[in-house]
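Protein sequences appear in the order of chains A and B.
Note that the working numbering numbers the first sequence so that position 5 is 5, with each residue one more than the last.
Note that the working numbering numbers the second sequence so that position 49 is 49, with each residue one more than the last.
No wet-lab data here; the hints were simulated from the structure.
As the structure is a computational prediction, the values presented were derived from the model and not from experiment.
Calculated from the model, a selection of chain A residues having no Cβ within reach of chain B, i.e. all distances over 12 angstroms:
(1) Thr12
(2) Pro34
(3) Ala60
(4) Met76
(5) Gly77
List of simulated lysine-lysine pairs, BS3-like, C-alpha gap at most 27 angstroms:
(6) A:Lys17 x A:Lys46
(7) A:Lys79 x B:Lys46
(8) A:Lys46 x A:Lys74
(9) B:Lys79 x A:Lys46
(10) B:Lys74 x B:Lys46
(11) B:Lys79 x B:Lys46
For each residue, glycine too, the CB sits at the ideal point set by N, CA and C.
2 protein chains.
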Amino acid sequence: MTTLLQVDFDFTGPFGKEMSTMLIGLAESINNEPGLIWKIWTENPKEQLGGGVYLFESEAYAQAYLTMHAARLKEMGVKEIRGNIFEINLPLSTINNAPLDNAARNEVIKDEQ
Amino acid sequence: MTTLLQVDFDFTGPFGKEMSTMLIGLAESINNEPGLIWKIWTENPKEQLGGGVYLFESEAYAQAYLTMHAARLKEMGVKEIRGNIFEINLPLSTINNAPLDNAARNEVIKDEQ
Numbered sequence: 001m002t003t004l005l006q007v008d009f010d011f012t013g014p015f016g017k018e019m020s021t022m023l024i025g026l027a028e029s030i031n032n033e034p035g036l037i038w039k040i041w042t043e044n045p046k047e048q049l050g051g052g053v054y055l056f057e058s059e060a061y062a063q064a065y066l067t068m069h070a071a072r073l074k075e076m077g078v079k080e081i082r083g084n085i086f087e088i089n090l091p092l093s094t095i096n097n098a099p100l101d102n103a104a105r106n107e108v109i110k111d112e113q
Numbered sequence: 001m002t003t004l005l006q007v008d009f010d011f012t013g014p015f016g017k018e019m020s021t022m023l024i025g026l027a028e029s030i031n032n033e034p035g036l037i038w039k040i041w042t043e044n045p046k047e048q049l050g051g052g053v054y055l056f057e058s059e060a061y062a063q064a065y066l067t068m069h070a071a072r073l074k075e076m077g078v079k080e081i082r083g084n085i086f087e088i089n090l091p092l093s094t095i096n097n098a099p100l101d102n103a104a105r106n107e108v109i110k111d112e113q
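Make the full structure from the sequences, and use the hints.
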């Protein structure tokens with residue numbers, strides 16, 4: 001079942017364009033993570049937060065990524081990491097124009113099996 | 001600037017199909033909220049959490065919605081509500097196939113002005 005992972009953590013920057021430039025390599029590597037469909041990169045300079053919202057093909061993939069990512073952040077000195085894994089309610093999300101074409105297709109395929 | 005709002009809160013259900021049926025009217029009303037682009041409905045029956053990830057046209061719209069939504073949830077008896085507002089790093093999100101066509105278009109228009 002397609003699964004959403006939301007992560008945020010204390011982060012002092014860089015933010016914005018400087019962050020984009022510095023983390024291109026990391027972003028490219030994330031495309032190789034098992035089961036990843038997409039990631040939205042989130043940042044809040046005022047609150048000093050970094051993070052992301054990820055869509056994965058399954059809860060197992062989301063959980064494996066969260067475990068790896070939290071360990072990587074801790075190695076980088078990040079202390080407070082919040083990670084939540086959620087199922088997606090597709091009928092309600094579809095009403096609200098959520099961009100879940102891949103997720104919806106997966107569910108339909110599953111229902112047909 | 002397009003802004004992401006992530007909300008989650010303690011929730012005892014209903015989840016899944018029962019939630020879809022019960023909250024169709026609420027979902028339809030959310031399409032009328034000022035500045036909303038989309039919402040992904042999130043739920044976690046194991047951890048007893050409800051929530052959502054929203055894309056808004058601006059931080060002001062996201063903040064206004066969070067204030068209204070938190071008050072509505074408190075009236076319904078929900079005690080623990082977590083809401084975070086984030087800017088989106090578009091260059092990095094684009095590398096990771098994030099579904100942000102609307103957001104990207106807004107940024108391009110803004111840069112041209």
